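Position chains C, W, S and X relative to chain Z; hints supplied.
Protein chains in written order, with my numbering: chain Z, 1 to 253; chain C, 1 to 253; chain W, 1 to 253; chain S, 1 to 253; chain X, 1 to 253.
Hints were generated in silico from the structure; no laboratory data involved.
Treat the hints with care, since some could be wrong.
No distinction is drawn between identical chains; accordingly, a pair holds when it is met within one copy or between any pair of copies.
[As the list claims (entries may be wrong)] Think about it this way: if two alpha-carbon atoms lie no more than 25 Å apart in a straight line, the pair counts; the simulated DSS-like pairs of lysine-lysine are:
#1 211 x 81
#2 229 x 207
#3 100 x 247
#4 247 x 63
#5 247 x 207
#6 100 x 211
#7 100 x 63
#8 207 x 81
#9 81 x 247
#10 81 x 229
#11 247 x 211
#12 247 x 229
Being a predicted model, the structure only gives us computed values, none of them experimental.
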Amino acid sequence: MDLGTLIGIVLSFGLVLSAIMTGSSLIIFVSVPSLLIVVGGTIGAGLVNYPMNYIIGVIGVIKNTFFSSLDSPAEIIDRFKDYANRARREGILSLEPLIKEIDDDYMRKGLQLTVDGLEPQTIQEILETEISYLAERHATGADVVSALGTLAPAMGMIGTVIGLVQMLQTMSDPSSIGPAMAVALLTTLYGALIANLILMPMAGKLKARSKEEILLREMIMEGILSISKGENPRIIEEKLNSYLPPKDRIVSE
Amino acid sequence: MDLGTLIGIVLSFGLVLSAIMTGSSLIIFVSVPSLLIVVGGTIGAGLVNYPMNYIIGVIGVIKNTFFSSLDSPAEIIDRFKDYANRARREGILSLEPLIKEIDDDYMRKGLQLTVDGLEPQTIQEILETEISYLAERHATGADVVSALGTLAPAMGMIGTVIGLVQMLQTMSDPSSIGPAMAVALLTTLYGALIANLILMPMAGKLKARSKEEILLREMIMEGILSISKGENPRIIEEKLNSYLPPKDRIVSE
Amino acid sequence: MDLGTLIGIVLSFGLVLSAIMTGSSLIIFVSVPSLLIVVGGTIGAGLVNYPMNYIIGVIGVIKNTFFSSLDSPAEIIDRFKDYANRARREGILSLEPLIKEIDDDYMRKGLQLTVDGLEPQTIQEILETEISYLAERHATGADVVSALGTLAPAMGMIGTVIGLVQMLQTMSDPSSIGPAMAVALLTTLYGALIANLILMPMAGKLKARSKEEILLREMIMEGILSISKGENPRIIEEKLNSYLPPKDRIVSE
Amino acid sequence: MDLGTLIGIVLSFGLVLSAIMTGSSLIIFVSVPSLLIVVGGTIGAGLVNYPMNYIIGVIGVIKNTFFSSLDSPAEIIDRFKDYANRARREGILSLEPLIKEIDDDYMRKGLQLTVDGLEPQTIQEILETEISYLAERHATGADVVSALGTLAPAMGMIGTVIGLVQMLQTMSDPSSIGPAMAVALLTTLYGALIANLILMPMAGKLKARSKEEILLREMIMEGILSISKGENPRIIEEKLNSYLPPKDRIVSE
Amino acid sequence: MDLGTLIGIVLSFGLVLSAIMTGSSLIIFVSVPSLLIVVGGTIGAGLVNYPMNYIIGVIGVIKNTFFSSLDSPAEIIDRFKDYANRARREGILSLEPLIKEIDDDYMRKGLQLTVDGLEPQTIQEILETEISYLAERHATGADVVSALGTLAPAMGMIGTVIGLVQMLQTMSDPSSIGPAMAVALLTTLYGALIANLILMPMAGKLKARSKEEILLREMIMEGILSISKGENPRIIEEKLNSYLPPKDRIVSE
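For reference, chain Z alone in the conformation it holds in the complex:
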């Protein structure tokens, strides 16, 4: 569970709402047609911008910003020290029975290839291809959300221009100018809120998460390659630790 996403949205929208309600009633900020043109137009342009399954997939991607479940780096270092010791003492085949207990697909696959006796070079190729296409898929997810976040204010601006044109064409009654222009500005407001409080920050969170996951994958790859090359457990620990900030490092006595 990623509490930050929830707290952040509640906090920022709460402040916006209370800012509105200290100055006027909330009702003058509600306009269903404005919401429709911003949200619908953004989705429409999004469907032109990306294959349809990407846009449908956005719902899942957005859900991801509320949840998260990655192994801790410390756990990974511990595990690899353990594997390396075992492989040194009892031979690499002794890891075979442990493989099926591993939850993580990536680690399981890498160790299986190691136990199967593939060359470290070949294992590295396969694991790196997997990381680079994982990075690609993550980047695509964040890009879609971020593209929608660029389209929303554009739709807001389009809605406001439409409102302005209508107001200017019928400017016979000066007293109606104010409220008409207020309504025209609502699409701009909606576009800005959706983009700056929801979509753009969510794209940011997806990128930050992707970096963390890729770092873990790189640590796992480094560990697997070290085992496959039969390296010293102490060297493995040293290598994996260098991926972490000094304060998170594991020092084995």
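The following block gives chains C, W, S and X in isolation, referenced to the frame of chain Z:
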């Protein structure tokens, strides 16, 4: 057929039109001169920006955003497992008769070079050059559309400034200011609609498509090189699977 | 001759002029001081931005956007097939008499180095350095034009702010506000026209041209290296073809 | 202590305050709700944008822009010349007793690995991984501050639009328009001040600091590798000097 | 002496001044508080953005945009042909007495290393490190100027918003609105002038100069490495010429 492009355009323009018609008649948003200056000026600047055949080619490029026909990755993996098995059992020359049945130019060319006995190194060079120039051509197509999408709002802004200057010069009658300014804003609106609902998203779709096609080509290259090196069919499957998201992978029992 | 540049400028400016003249007389859009501040200020800032000979060179660079004369890729492939066949049959020295007939400096230099018997490695180094510095010079040309295209609207904005300050300081007579502001907006208009219809698209055309020329140079380098390595003419054709879109490829029967 | 950060903030805010107070009383620029919406909204969107511990960590990151303590490059060169001489004369093991006196974790780790007799290749791998992830962590810190600096003006704009809508809806009393709009503009002002005078420049300082620290790390790595390869002390000095601007170089006679 | 910088500033500011003086007296454009807030605020934010010595160093960096003194490429080619001939005829040690006459630190250092008999590989490493850190220092200088050029318009905008708020709060007397707003706009004007006519173009010039200097350094490195490898003088000339545009090349008969 890429339904998304069609649905997206119908959806976003439908919403814009209904937003307009709930507030006023549609007629006040129609201005042929405004449309001419935005569309014509964009094409004119486009002709300065790119060689003429690129701009003429844009029509074909835009048509591409409505259609699409790529092999599925699963099909490609299946096919290469089949080829690899055959090559292992009966020798690489046994692939020769299959080559002429292949639809895809790229795969046919790569396999032909393999059967002809070229070094994997040389095959890789040729296939990579082809991918990198395919990527280049795709990028050019998307860039042209995206450049036009940058020019359209600029033309819209120019049209609006022209209208403002004319209105300000003849501001004798205050009651005419509103409608004159409304008309001046129409070019801004047209520029924003053409850019944000059509051209920019289409450039996005072209880029997304290009990525998919290049991924397929890279899988095909990987498969061909594996065959040409005589690699184990299981390794080939493993390698090709790593290009795909876990849920799309093919697991052969 | 690059007709596109000419047609594009005539088309876009023609549309702007007719848009103006359908609404008012052209004369209210003419302001020599406004033109001076935009053009002169842009040149002045350009002289600070780049060494003086770059800015003087811009005239030649702009002229280049109207003219163009590159060999066709097909011609180059034909020529290299011919050279490769000859080199195979009669030895590489048989190319010596052909070299002095070659117009293109780059191809002549490359072939001369080949005939002189330099290592392919050394030839590649020299030819790649030449391409990379050609790309550098092209990029500089396009960058200067594009930097001027960024300065022009900034000068336009500065001119408009100056006009606004003067208008606001002397706002005693309300009826003079309109025309004064109209004049103030002219520098914005000039800056936008010069940037969006001339300079920016020209920078774009220079980049597109540079890409084409570099592609040709890379094909020539590939061909020369293949000859210097004594490769099979069919392989050379295959390699050079991979630089081209499928429909432009030469298929020798 | 980085005096620049302190002086800079005092200087720029001092000028803004005196500019305000020469024109009016300060009190009309104070609005607690406006401050709340800008600061709170920025933090809220930041919590969506980054994992919560990053946002909490921002406080520490900002504190870093006021303090700084890096070894001088000259000190490092001196030290490595000393180590290299000692290693040459008495063997690499003679460095062992010096290691525990080293403050800097990175240098201590690198020398320990050298004394332990690891291959230069392996030492380089470990030290480079450490540098690249240090760079990554620094970049993340600067990115968070810079993302908040992008959100603040967006929140300011949203607050102003809200104020405008409220003002336009209740435009019955023309004399209240001015003050209402003045208040609406305050969120824009707060957003601009927070972004341009605090957050953006702080992100800049973090990047400049990161570059300096990474340069030092690279010098240390170069020195350690040279010692591990048993290179001549004069060469080491020459190599390390090339990292510095000519005037800061150490010339040993 | 770089006349372009001087001419450019005189030209652009001259045009701005004459544009002002044809429309009003110059005095209404003078506002010391506005100048203070833009210049002082920019320096203040700059001190937060960069270590203090960078900001102090800006004065020297800006001075550099008025002066320039680089060897011509032709001179460098001539010199290396001479060295190469001498080294071929009389051995590489015959260059020793020439070294102390060389003005350029970089060339002197490189040749000294060559005469000292270091491996070409080691020489290349040292010379490349030096180039890459020279490029880094140049980039930092240009970045500081360019960052100040981004801050200046932001300060201008802040000043204008402050002026607007004060004007709107005290809008009792309509006739004072114009002049008050005119004064508010002056900070925007100052920010735009300082950024677009001075700082941004100067950052551009620093980048253009840096490219030229690095190109020369790369030519010198190429020449030194060729001599250290004992290459043929004709090859050296060929290699160095490929760094230059065709028309500047030296053709030795």
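The hints, checked one at a time:
Taking the shortest Cα distances, residue 211 and residue 81 sit within 25 Å of each other inside one copy (24 Å), while across copies they are farther apart (34 Å). For the identical chains of this complex, residue 229 and residue 207 are neighbours neither inside a copy (33 Å) nor across copies (38 Å), given an alpha-carbon limit of 25 Å. When the C-alpha separation of residue 100 and residue 247 is checked against a cutoff of 25 Å, the pair qualifies only between copies, where the shortest distance is 19 Å, while the shortest distance within a copy is 33 Å. Proximity of residue 247 and residue 63 under a CA criterion of 25 Å is satisfied inter-copy only: 18 Å between copies versus 31 Å inside one chain copy.
With identical chains, the CA atoms of residue 247 and residue 207 are at most 25 Å apart both within one copy (24 Å) and between copies (21 Å). Within a single copy, residue 100 and residue 211 get their C-alpha atoms no closer than 27 Å, and across copies no closer than 35 Å, so neither meets the 25 Å cut-off. In this homomeric assembly, residue 100 and residue 63 never come within 25 Å of each other (Cα to Cα): the closest approach is 29 Å inside a single copy and 47 Å across copies. Taking the shortest Cα distances, residue 207 and residue 81 never come within 25 Å of each other, neither inside one copy (30 Å) nor across copies (35 Å).
In this homomeric assembly, residue 81 and residue 247 come within 25 Å of each other (Cα to Cα) only inside a single copy, at 19 Å, whereas the closest approach across copies is 31 Å. Taking the closest pair of Cα atoms, residue 81 and residue 229 come within 25 Å of each other only inside a single copy of the chain (14 Å); across copies the shortest separation is 29 Å, beyond that limit. When the C-alpha separation of residue 247 and residue 211 is checked against a cutoff of 25 Å, the pair qualifies both within a copy, at 19 Å, and between copies, at 21 Å. In this assembly of identical chains, residue 247 and residue 229 lie within 25 Å of each other by CA distance neither inside one copy nor across copies; the values are 29 Å within and 31 Å between.
Hints 2, 6, 7, 8 and 12, counting from the list given before, are not met by this structure.
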